[in-house]
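Now for the letters of each chain:
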Amino acid sequence: MTIFGHVISWPQLYGQLLIGLINGSFYALLSLGLAVIFGMLTIVNFAHGAFYMMGAFGAYFLLQLAGLNYWWALVLSPLIIGAVGALVERLFLKRLAGFDPLYSLLLTFGLALIFQGLFQNYFGASGMPYAIPKQLSGAYNLGFMFLPVYRGWVIVASMVVCFGTWLVIEKTKLGAYLRAGTENPTMVRAFGINVPRMVTLTYAFGVALAAFAGVLAAPINQVRPGMGADIIAVVFAVVVIGGMGSILGSILTGFVLGVVEGLTKVFYPEASNTVVFVIMAIVLLIRPAGLFGRTA
Amino acid sequence: MADAALASRPAPSSAAVLRVKGLQAWYNESHILHGVDLDVREGEVVTLLGRNGAGKTTTLKAIMGIVGKRTGSVMFRDCELVGLSIERIARLGVALCPEERAVFASLTVKENLFLPPQIAKVGGMTVQQIYALFPNLRERLTSGGGKLSGGEQQMLAIARILRTGARFLMLDEPTEGLAPVIIQQIGRTIAELKREGFTILLVEQNFRFASTLADRFFVMEHGRIIDAFSNAELAGKMDMLHEALGV
Chain G
257 MTIFGHVISW PQLYGQLLIG LINGSFYALL SLGLAVIFGM LTIVNFAHGA FYMMGAFGAY
317 FLLQLAGLNY WWALVLSPLI IGAVGALVER LFLKRLAGFD PLYSLLLTFG LALIFQGLFQ
377 NYFGASGMPY AIPKQLSGAY NLGFMFLPVY RGWVIVASMV VCFGTWLVIE KTKLGAYLRA
437 GTENPTMVRA FGINVPRMVT LTYAFGVALA AFAGVLAAPI NQVRPGMGAD IIAVVFAVVV
497 IGGMGSILGS ILTGFVLGVV EGLTKVFYPE ASNTVVFVIM AIVLLIRPAG LFGRTA
Chain H
7 MADAALASRP APSSAAVLRV KGLQAWYNES HILHGVDLDV REGEVVTLLG RNGAGKTTTL
67 KAIMGIVGKR TGSVMFRDCE LVGLSIERIA RLGVALCPEE RAVFASLTVK ENLFLPPQIA
127 KVGGMTVQQI YALFPNLRER LTSGGGKLSG GEQQMLAIAR ILRTGARFLM LDEPTEGLAP
187 VIIQQIGRTI AELKREGFTI LLVEQNFRFA STLADRFFVM EHGRIIDAFS NAELAGKMDM
247 LHEALGV
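Taken in sequence, the protein lines are chains G and H.
Using the numbering used here, the letters of the first sequence map in sequence onto residues 257 to 552.
Using the numbering used here, the letters of the second sequence map in sequence onto residues 7 to 253.
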């Protein structure tokens, strides 16, 4: 099969499809966290990439300093980094509530630079290795291709966490508080619900999602201070395409764009790094609020 | 006119549920309330009358704590509300049904109805009582909150604060923009709530509607109370009201 002058083989197609799904898993987790945070706080959280990186470093430190393995890290690192997020919200973001969102955008951007700079200062730009856990090493032979077990796990874990988050937000009482709080926080407070605490926990949860993605990424990419900055530009493009604040939209767009990127690598490799941004430009022209966005 | 007969019945007890003294309130830089004094006794329906912009809605919001800044005193039973957060005030048993109804569009009717948490173990209406009061709501439980008519929204906004155990209700213009038949239903509902022993502070432009329900009236102008009288004195106040309310 030849397309755009490239010879395409089936194994190559499957391989890129898989890489696309894996990238999509990270896009989905990260853009979901951004959407959750934006929905409740109307904050564009530019520190998201930094929290993702810190999640991966969390896993690294837990192993190196405390001897806690991958499975512990998967739980503890999001909790710890989520707590850092809660602190950031209480100390800084809370004071910007009611101001133009541009201020919180600049603040989180500054925080991202500081976090990333600190890690770069102590650990350099090159990465630290993090081994794939024993239980997830090896590969399945699917007949038409080999699927590394860890990569399959990443896709499944991301889908489960994304779907679980969606379920909680759309179908539970807690989610009803969140949705109501997004719409009219004052009224929700007038029912006796502590909305300021809910806001802090929502930010912490969005940050924890980023850290969870960071732990998942640690064995695939190396643990590097720059890993957040590398992925976050694409994630923001994904969020713009999906529409800010739409939970399901951010999940679907994340996975779909990962796959689109992977397929572009097969059919027209030259465009693989830009295809997401081209789609973003087209979506902005046709539907400025994003594919799933509500027009404000 | 059974409702009118009910309204003229003396309040069951004279203990003050709410006592507001010298309440001033600001939104940002605008000074809206300039010293409001009023009281509401146990089991009473008290109506705040006044023109648009007189400060009626702001008075309710200031009691609830939903203003930028407030001074003066708001005693709810034995508790000073000035200085407390909105959610603390709500937890004490003060409930607000706002003018804009604030039904959540992204929630179903059922989710809206069950959103406010129980704040007291006793005193709340059961779901069956609420459905008996508002039969339409039961049929629309799975609809989105944004899909309701104005009347249904108003019923939902009242219904959801009846479950919680709050016994002091502040209703802000519950009849605004509704058809006469719906207004009658809202009127019957408020009369029923009064029979159930709820204490109600009502803001109403429509004083003919209010006159069938209220035990006492307060008239507001420019952020102050300018007159107070009982339902029995209403007839003698008509000229003043026409003047003050411009109706």
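No wet-lab data here; the hints were simulated from the structure.
Glycine residues also receive a C-beta, built at the ideal position from the N, C-alpha and C atoms.
One or more hints might be untrue.
Said to hold, decoys possible - Listed next, the in silico SDA-like pairs over lysine to any residue satisfying Cα-Cα at most 25 Å (straight line): (1) H/K75 <-> G/K390; (2) G/K350 <-> H/E35; (3) G/K429 <-> H/E35; (4) G/K350 <-> H/G152; (5) G/K427 <-> H/G152; (6) H/K127 <-> G/K350; (7) H/K127 <-> G/K390; (8) H/K153 <-> G/R453; (9) G/K390 <-> G/L367; (10) G/K350 <-> G/W327.
To be verified - Okay, the calculated bits of chain G under chain H, using three or more residues with CB under 8 Å as the criterion: (11) 443–455; (12) 516–524.
Holds or violated: G/K427 with H/G152, Cα cutoff 25 Å?
Holds: G/K427 and H/G152 sit about 17 Å apart, inside 25 Å.
Restraint check for H/K75 with G/K390, where alpha carbons must lie at most 25 Å apart
Violated, because 60 Å separates the two Cα atoms, which is more than 25 Å.
Per the coverage rule (Cβ-Cβ under 8 Å, at least three residues), is the region 516–524 of chain G covered by chain H?
violated (count 0)
Are the Cα atoms of H/K153 and G/R453 separated by 25 Å or less?
violated, 30 Å
Are H/K127 and G/K350 close enough, with their CA atoms no more than 25 Å apart?
violated, 33 Å
Taking only the CA atoms, is the gap from G/K350 to H/E35 under or equal to 25 Å?
Since the Cα atoms of G/K350 and H/E35 sit roughly 22 Å apart, the hinted pair holds (cutoff 25 Å).
Would you say the region 443–455 of chain G counts as covered by chain H, given the rule of at least 3 residues with C-beta under 8 Å?
n = 9 at 8 Å, threshold three: holds.
G/K429 and H/E35: Cα distance at most 25 Å?
Judged against 25 Å, a Cα distance of about 38 Å means the pair is violated.
Is H/K127 close enough to G/K390, meaning Cα to Cα at most 25 Å?
Since the Cα atoms of H/K127 and G/K390 sit roughly 53 Å apart, the hinted pair is violated (cutoff 25 Å).
Is the hinted pair G/K390 and G/L367 satisfied, with a Cα-Cα distance of at most 25 Å?
violated, 36 Å
Is it true that the CA of G/K350 sits at most 25 Å from the CA of H/G152?
violated, 30 Å
G/K350 and G/W327 were given as a pair; does the straight-line alpha-carbon distance stay at or below 25 Å?
violated, 33 Å
In the structure shown, a violation is registered for the earlier hints numbered 1, 3, 4, 6, 7, 8, 9, 10 and 12, in ascending order.
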